[in-house]
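Trainee: Sequence:
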Amino acid sequence: MELPPPFLSSLRGKAVIVTGAASGIGLGSATVLAANGASVLLADLNADGAEAAAAGLRAHGLKAEAVGVDMGREEQIVDMVKAAVARFGRLDALHNNVALLAREVVGRDLGISELDADIFRQCLDVNLVGAALAAKHAIPHIVAQGGGAIINTASIAGVRGEIVRAVYGSSKAGLIGLSRNIAAQYGKKGIRAVSISPGLIMTPSIAKAISPAQVDRLTRHALVNRAGKPEDIGNLAAFLIADEGSYITGIDIVVDGGFLAHWPTFAEELEAIGDVSQPVPE
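Residue numbers (this note's numbering): 7 to 288.
Everything labelled a hint here was simulated from the structure, so no lab data went into it.
Watch out, some of these pointers could steer you wrong.
Once the Cα atoms are required to be at most 25 Å apart in a straight line, the calculated BS3-like pairs of lysine-lysine come out as [unchecked claim]: (1) Lys88 / Lys142; (2) Lys69 / Lys88; (3) Lys88 / Lys195; (4) Lys69 / Lys194; (5) Lys195 / Lys142; (6) Lys214 / Lys235; (7) Lys142 / Lys214.
Pair by pair, the computed Cβ-Cβ distance ranges are [as the list claims (entries may be wrong)]: (8) Glu274 / Ala65: 47 to 57 Å; (9) Lys88 / Ile169: 37 to 47 Å; (10) Phe13 / Ala53: 22 to 32 Å; (11) Ser16 / Gly183: 42 to 52 Å.
For each residue, glycine too, the CB sits at the ideal point set by N, CA and C.
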């Protein structure tokens, strides 16, 4: 594991829960936070994976612990928060990263006319209700500590409509709304809440869920010449949790390499007219 260089000294001594942290964006966030001096509880349904990830961070002298949690069960969420406070003596922030992206779920998340109510409920329970319950139980501890941040990983699927994945996109749109409501209700008590909407981030679960052809189609519309990395989201989450981000709250921040920043016909126009950055010959 290669650690990123530290860039946020104000994270030293802070304690953060990161859910979905055994791999992907969660692990990217946990790694950046720990490398900058935070104590991090890596929580995941895959308890062994979370422990292996935490052990990898500890091997570099960083402060990391792990706990197994099913974000669809409130009693386990309660235990997760209690574990963070017990192990670190405080709680300053929560980064909700869990998303239901198993192939058997994604493959049944089609159009509204084919809606599977059980899949919808399952997705909402994990992606949205679980995040809300984690905030519910974390907020009193963060307030008691003097304030902090709730960061929710949403998605550009919650900002724009898609041909498929109506359930996933709807759950992420709800997560954006949840973040704004947390910010409004608890801002005066020192809680900041921000949602981050990633574009294509090449996590292990995404690599299994979509084909190389789909990756190529998506990256054609990005304004940078690559797909995103988990650390791209982790760097922003760490900044938002740190004191340096203390005037940012109640918004959704899109991190998509410019995917949503242009006309829908961008890729086709680029192919038709060539490189517009070059001077036009006289």
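Trainee: Starting from the hint list further up, note which numbers the structure goes against and sort them upward.
Mentor: The structure breaks hints 4, 7 and 11; every other hint is satisfied.
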